[in-house]
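Chemist: For this one, chain A is given, so just place chain B on it according to the hints.
Number of protein chains: 2
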Amino acid sequence: MNKKKYAIGIDFGTLSGRTVLVDVDTGNEVATIVKEFTHGVMDEYLPDGKTKLDPDWALQYPEDYLEIYKETIPAVLKEADVEPEQVIGVGIDFTACTMLPVDQKGEPLCFQERFKSNPHAYVKLWKHHAAQDEANKLNEIAGERGEKFLQRYGGKISSEWLIPKIWQILDETPEIYEEADRFMEAADWVVMQLTGSEKRNSCTAGYKAIWHKKEGYPSADFFKSLDPRMENLVEDKLSNDIYPIGDKAGEITEKSARLTGLKKGTAVAIANVDAHVSVPAAGITEPGKMLMIMGTSICHMILGSEEKICPGMCGVVEDGIIPAFMGYEAGQSCVGDHFEWFVNNCLPQNYENEAKEKGIGVHDLLTEKAGQLKVGESGLIALDWWNGNRSVLVDVDLTGMLLGATLLTKPEEIYRTLIEATAFGTRMIVETFRENGVPVNELFAAGGIAEKNKFMMQIYSDVTNMEIRISASGQAPALGSAMFGSVAAGKAAGGYDNIVEAAKKMAKVKEEYYKPIPENVKIYDQLYAEYKRLHDYFGRGENDVMKKLKEIKKITVR
Amino acid sequence: MNKKKYAIGIDFGTLSGRTVLVDVDTGNEVATIVKEFTHGVMDEYLPDGKTKLDPDWALQYPEDYLEIYKETIPAVLKEADVEPEQVIGVGIDFTACTMLPVDQKGEPLCFQERFKSNPHAYVKLWKHHAAQDEANKLNEIAGERGEKFLQRYGGKISSEWLIPKIWQILDETPEIYEEADRFMEAADWVVMQLTGSEKRNSCTAGYKAIWHKKEGYPSADFFKSLDPRMENLVEDKLSNDIYPIGDKAGEITEKSARLTGLKKGTAVAIANVDAHVSVPAAGITEPGKMLMIMGTSICHMILGSEEKICPGMCGVVEDGIIPAFMGYEAGQSCVGDHFEWFVNNCLPQNYENEAKEKGIGVHDLLTEKAGQLKVGESGLIALDWWNGNRSVLVDVDLTGMLLGATLLTKPEEIYRTLIEATAFGTRMIVETFRENGVPVNELFAAGGIAEKNKFMMQIYSDVTNMEIRISASGQAPALGSAMFGSVAAGKAAGGYDNIVEAAKKMAKVKEEYYKPIPENVKIYDQLYAEYKRLHDYFGRGENDVMKKLKEIKKITVR
Chain A
1156 MNKKKYAIGI DFGTLSGRTV LVDVDTGNEV ATIVKEFTHG VMDEYLPDGK TKLDPDWALQ
1216 YPEDYLEIYK ETIPAVLKEA DVEPEQVIGV GIDFTACTML PVDQKGEPLC FQERFKSNPH
1276 AYVKLWKHHA AQDEANKLNE IAGERGEKFL QRYGGKISSE WLIPKIWQIL DETPEIYEEA
1336 DRFMEAADWV VMQLTGSEKR NSCTAGYKAI WHKKEGYPSA DFFKSLDPRM ENLVEDKLSN
1396 DIYPIGDKAG EITEKSARLT GLKKGTAVAI ANVDAHVSVP AAGITEPGKM LMIMGTSICH
1456 MILGSEEKIC PGMCGVVEDG IIPAFMGYEA GQSCVGDHFE WFVNNCLPQN YENEAKEKGI
1516 GVHDLLTEKA GQLKVGESGL IALDWWNGNR SVLVDVDLTG MLLGATLLTK PEEIYRTLIE
1576 ATAFGTRMIV ETFRENGVPV NELFAAGGIA EKNKFMMQIY SDVTNMEIRI SASGQAPALG
1636 SAMFGSVAAG KAAGGYDNIV EAAKKMAKVK EEYYKPIPEN VKIYDQLYAE YKRLHDYFGR
1696 GENDVMKKLK EIKKITVR
Chain B
1156 MNKKKYAIGI DFGTLSGRTV LVDVDTGNEV ATIVKEFTHG VMDEYLPDGK TKLDPDWALQ
1216 YPEDYLEIYK ETIPAVLKEA DVEPEQVIGV GIDFTACTML PVDQKGEPLC FQERFKSNPH
1276 AYVKLWKHHA AQDEANKLNE IAGERGEKFL QRYGGKISSE WLIPKIWQIL DETPEIYEEA
1336 DRFMEAADWV VMQLTGSEKR NSCTAGYKAI WHKKEGYPSA DFFKSLDPRM ENLVEDKLSN
1396 DIYPIGDKAG EITEKSARLT GLKKGTAVAI ANVDAHVSVP AAGITEPGKM LMIMGTSICH
1456 MILGSEEKIC PGMCGVVEDG IIPAFMGYEA GQSCVGDHFE WFVNNCLPQN YENEAKEKGI
1516 GVHDLLTEKA GQLKVGESGL IALDWWNGNR SVLVDVDLTG MLLGATLLTK PEEIYRTLIE
1576 ATAFGTRMIV ETFRENGVPV NELFAAGGIA EKNKFMMQIY SDVTNMEIRI SASGQAPALG
1636 SAMFGSVAAG KAAGGYDNIV EAAKKMAKVK EEYYKPIPEN VKIYDQLYAE YKRLHDYFGR
1696 GENDVMKKLK EIKKITVR
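Line order of the protein sequences matches chains A and B. Residue numbers for the first sequence follow the numbering used here, so the first one is 1156 and each next one is one higher. Residue numbers for the second sequence follow the numbering used here, so the first one is 1156 and each next one is one higher.
Bound-form chain A, shown alone (with noise of 0.2 angstroms):
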């Protein structure tokens, strides 16, 4: 009888949760179960059907991630044909921030039958984006009040983050804000329903809630100044206890033994969130090895082993990614949608023929097209800032450029140049980080371009000079929670004593990788500095057109 041990990672995603049930000394991957979130993003009714949502919302319903469990746990033990007792820990990820208010049970206030028509008792997810009024205002005071904690965060703190989200209850519902005994990450709240009690984790409250490790949250006296009923925000409704990333949360209880199928004290890790626990699973545990998520937006995330403030990134965290590191985030924002709006705004009819005549996609068709050009043959050049500059400027209001063009400039040309233009602005993450003192010596990747679109893999490659391996993992997010579940079980307990030695065993990286080409490399070099003049001319404030054209625009729409 198969008497191996296996860890069990969740990967709470946008639309559904992923679990996977994995070999704890091989890390092999041998059941995967996907359930969709039964209400899905609610980003138009409530549950009732009737409650109707302002734009820009997005929430979900925590009664969802319980189904997850209920379902897929027990549908992986099946589907393995393997035995709760063979199950030595669980973790989980989640996106962030995605946050709730609960009661003091711990209870979702919108389960409540006086809050359920009430949006502001929901779930609101990641992406719920009502909450920029706040965010703008929080930013405006910390810098007249020279908060030094907006330089962990690249000068900004997003409207998706944490304290705008509860501001904008307080502003739009005071009585649910008065009603939550506490508002937790989601990631916290299930890791809460598997274990009965609340451990908050270092991720979460580093990157989204503006906790330090050293430092702690924010003032009571900042938090006065965004409204004097927040002053005492954090001893009120969050908590000063958060737990680094690698710890044990507890253990499976009774109740959720019966909910799950699994044995009552299976330890369970602390929450983690998606990106960031893709790190481990890609094998890195130490500074210099930088791993992208790419596929709409690239996520940067690398180790190091002091706190730098480098421009642009978007948050530095001590235990964020890896216990004992600082943990550095920074990203583009526009990456996959850049190539997304061309073929969708730019791609001539003859192009979509071609590409329906061959069977194949249209951007098959243009990466095809594109890859028979030699480096700098199109004489074309891009500012990849159609969706602004997440980093290194942080700057919301830039906007796309291209330069180069002749009447002979072909779409696979300018398709070619868009994809070398967020290569040039990785490049510039890169070199940012170094020379603000965190070296990045490897670069790792993950997600759906680095597992799918080799032709830019290698230009990648090429533009920073710089071999990519891939994790090797099409669930790295889950892969990499199984293997936090395996250190919260502990070597006793056949896992392992710390994320280090787990990785070992059990992260995935692809045995080829890319590497770059001497002669590529060698005029790509040219081209980033043409580049990297442009990003500085029209993002650091020598010309600010940019910026002119949107507010030319905004007084005519008007």
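Think of the hints as simulated: they come from the structure by calculation, not from any bench. Be a bit skeptical, because a hint or two may be false.
[To be verified] According to the in silico footprint, chain A covers these stretches of chain B (three or more CB under 8 angstroms from chain A):
hint	stretch
1	1488-1502
2	1523-1534
3	1545-1557
4	1628-1634
5	1672-1683
6	1689-1702
[As the list claims (entries may be wrong)] Using 30 angstroms as the maximum straight-line C-alpha spacing, the simulated DSS-like pairs for lysine-lysine come out as follows:
hint	chain 1	residue 1	chain 2	residue 2
7	B	Lys1524	A	Lys1511
8	A	Lys1670	B	Lys1708
9	B	Lys1646	B	Lys1665
10	B	Lys1565	A	Lys1702
11	B	Lys1463	B	Lys1403
12	A	Lys1702	B	Lys1687
13	B	Lys1670	A	Lys1708
14	B	Lys1708	A	Lys1677
15	A	Lys1271	A	Lys1369
16	B	Lys1708	A	Lys1524
17	A	Lys1677	A	Lys1524
18	A	Lys1663	A	Lys1444
19	A	Lys1260	A	Lys1271
20	B	Lys1703	A	Lys1703
21	A	Lys1703	B	Lys1311
22	A	Lys1708	B	Lys1529
23	A	Lys1524	B	Lys1709
24	A	Lys1709	B	Lys1677
25	B	Lys1379	B	Lys1311
26	B	Lys1709	A	Lys1670
27	A	Lys1660	A	Lys1160
28	B	Lys1511	A	Lys1511
29	B	Lys1159	B	Lys1660
30	A	Lys1687	B	Lys1709
31	A	Lys1703	A	Lys1677
32	A	Lys1705	B	Lys1687
33	B	Lys1702	A	Lys1705
34	A	Lys1705	B	Lys1524
35	A	Lys1705	B	Lys1609
36	B	Lys1529	B	Lys1687
37	A	Lys1565	B	Lys1646
38	B	Lys1607	B	Lys1687
A virtual CB, placed ideally from N, CA and C, is assigned to each residue, including glycine.
Modeler: Coordinates of chain B only, in the frame set by chain A:
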């Protein structure tokens, strides 16, 4: 019986000749006949069907021009039921520089059996671009020698002009150069076919052959520095006898009377160029009024009282447009071509489909959509250099730029931005003339875009903050030529003493005109300030990225 007086204008274009019979008293066009050239533009084979031409070649066959006379002149008379006695004068205009080698009798060398298979014996059309090497060498040598004539041509002699074309003949087929008794503009050659004597016109001599009314041609020493065999080019193969526009070239001979059906002794005007002859056709006979011929490119022409050196003008020629005035020419090399590029390379399938469903052209659809946008609404700006910059920077190595793109940018926004960029380019030319002492007080327009594209013309009016009047004749060049024909006839014969008098009666502009819309002007002023800053930044050497990209491209594709 109809005893009105008429003049005939003949416009020799690129693909056809267009003969118009015009009422001398009113300027009304009473009959028009168009005939295509039998041999069209020869850019692949000679008429023998076996001698292959290199790329960039473009030839014509002079017999085709005689066919225009033979067929279209009798045809207009017949169509309008007009007697030859009623025709008091003939004027012609031609493309330029369109040139040919002739023998001592003025016969084209290509008419001789022994040269039938020699491409250099034929007419080189204006768009014959195979003399680029010679033009480059000429500009280099002239620059080194500090030849002052360069200033009059914006610093550069085009490969389309006379001297490079002659030099190419010498370089590649010295026996043709030797055999040629002289080289003539086709404009002057076709006039000579009517009058029996050679009288070269000041327009092509000035704009295309580096001739100056006071200084004459470049020195023999200069020509010798190009090639010792060319030292005496002017004396041996050209002529110092140049006649101003508006003079009488001669009269219909017995021979040409037989060819054309016109009466022997009918006055014939000195030859002219299609664009330049459109100026009086729009009623312009004095300084301050700029005519724009708007099509695939724009040619800007304006008269001045004094000779000024304006950066980037294509030429300034005394008597070049209207006798006794300085004729200034400037141009934008890429206007209609711009929009064609966009439609061929950037238009999505759903736009094509929508146009098809509505039963309109894609340009009409884009214009409809772009017309719904307010000024400044797109947030975009462009530099209109897809085909380099002819004026005021005179730099073919500049390339196009689009700035301000976001994920919401739509095709019609880019389309409108390209139109606006060409209008900013025209404003730049207008302002440069003004700054250099050539007043521009009124705008006139002719050509396909001026006649058809109200949307674009309104943008030009708003951007320049000037009213724009539109030439009312669909055959402006032929009308202008007929006007010069009536001047050649003179007042005693029922014509006019000079072109000013002729224009008062015969010129045509439409009653409606474009008026700037104040609120648009205000915003375009702001956008133009941004355009100008980018224009100077990328165009005047501060950031030579466009050239660097072209250099990289050259190295890459080598």
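Chemist: Determine for every hint whether it applies to the structure shown.
Modeler: We went through each hint and held it up to the structure:
1. 1488-1502: Answer holds; 8 residues pass the 8 angstroms Cβ test.
2. 1523-1534: With 6 residues in contact (Cβ-Cβ under 8 angstroms with chain A), the coverage given for the stretch 1523-1534 of chain B holds.
3. 1545-1557: holds (count 4)
4. 1628-1634: It is violated, with 0 qualifying residues against the three required.
5. 1672-1683: holds (count 3)
6. 1689-1702: holds (count 6)
7. Lys1524/B - Lys1511/A: holds (28 angstroms)
8. Lys1670/A - Lys1708/B: Distance of about 23 angstroms is within 30 angstroms: holds.
9. Lys1646/B - Lys1665/B: Within the cut-off at roughly 27 angstroms; holds.
10. Lys1565/B - Lys1702/A: holds (19 angstroms)
11. Lys1463/B - Lys1403/B: holds (29 angstroms)
12. Lys1702/A - Lys1687/B: Measuring from Cα to Cα gives roughly 16 angstroms; hence the hint holds.
13. Lys1670/B - Lys1708/A: holds (24 angstroms)
14. Lys1708/B - Lys1677/A: holds (13 angstroms)
15. Lys1271/A - Lys1369/A: violated (39 angstroms)
16. Lys1708/B - Lys1524/A: Holds - the C-alpha atoms of Lys1524/A and Lys1708/B are around 17 angstroms apart, at most 30 angstroms.
17. Lys1677/A - Lys1524/A: holds (22 angstroms)
18. Lys1663/A - Lys1444/A: At roughly 15 angstroms apart (the allowed maximum being 30 angstroms), Lys1444/A and Lys1663/A satisfy the hint.
19. Lys1260/A - Lys1271/A: It holds: about 18 angstroms lies between the C-alpha atoms, which stays within 30 angstroms.
20. Lys1703/B - Lys1703/A: Between Lys1703/B and Lys1703/A the Cα gap is close to 28 angstroms, so the pair holds against 30 angstroms.
21. Lys1703/A - Lys1311/B: Distance of about 36 angstroms is beyond 30 angstroms: violated.
22. Lys1708/A - Lys1529/B: holds (9 angstroms)
23. Lys1524/A - Lys1709/B: Holds. Lys1524/A to Lys1709/B sits at ~20 angstroms (cutoff 30 angstroms).
24. Lys1709/A - Lys1677/B: OK: Lys1709/A and Lys1677/B at ~15 angstroms, within 30 angstroms.
25. Lys1379/B - Lys1311/B: Judged against 30 angstroms, a Cα distance of about 19 angstroms means the pair holds.
26. Lys1709/B - Lys1670/A: holds (26 angstroms)
27. Lys1660/A - Lys1160/A: holds (13 angstroms)
28. Lys1511/B - Lys1511/A: holds (20 angstroms)
29. Lys1159/B - Lys1660/B: holds (15 angstroms)
30. Lys1687/A - Lys1709/B: holds (22 angstroms)
31. Lys1703/A - Lys1677/A: violated (36 angstroms)
32. Lys1705/A - Lys1687/B: Within the cut-off at roughly 18 angstroms; holds.
33. Lys1702/B - Lys1705/A: Judged against 30 angstroms, a Cα distance of about 29 angstroms means the pair holds.
34. Lys1705/A - Lys1524/B: This hinted pair holds, its Cα atoms lying about 21 angstroms apart.
35. Lys1705/A - Lys1609/B: holds (27 angstroms)
36. Lys1529/B - Lys1687/B: Answer holds: Lys1529/B to Lys1687/B is near 21 angstroms, not above 30 angstroms.
37. Lys1565/A - Lys1646/B: violated (58 angstroms)
38. Lys1607/B - Lys1687/B: holds (28 angstroms)
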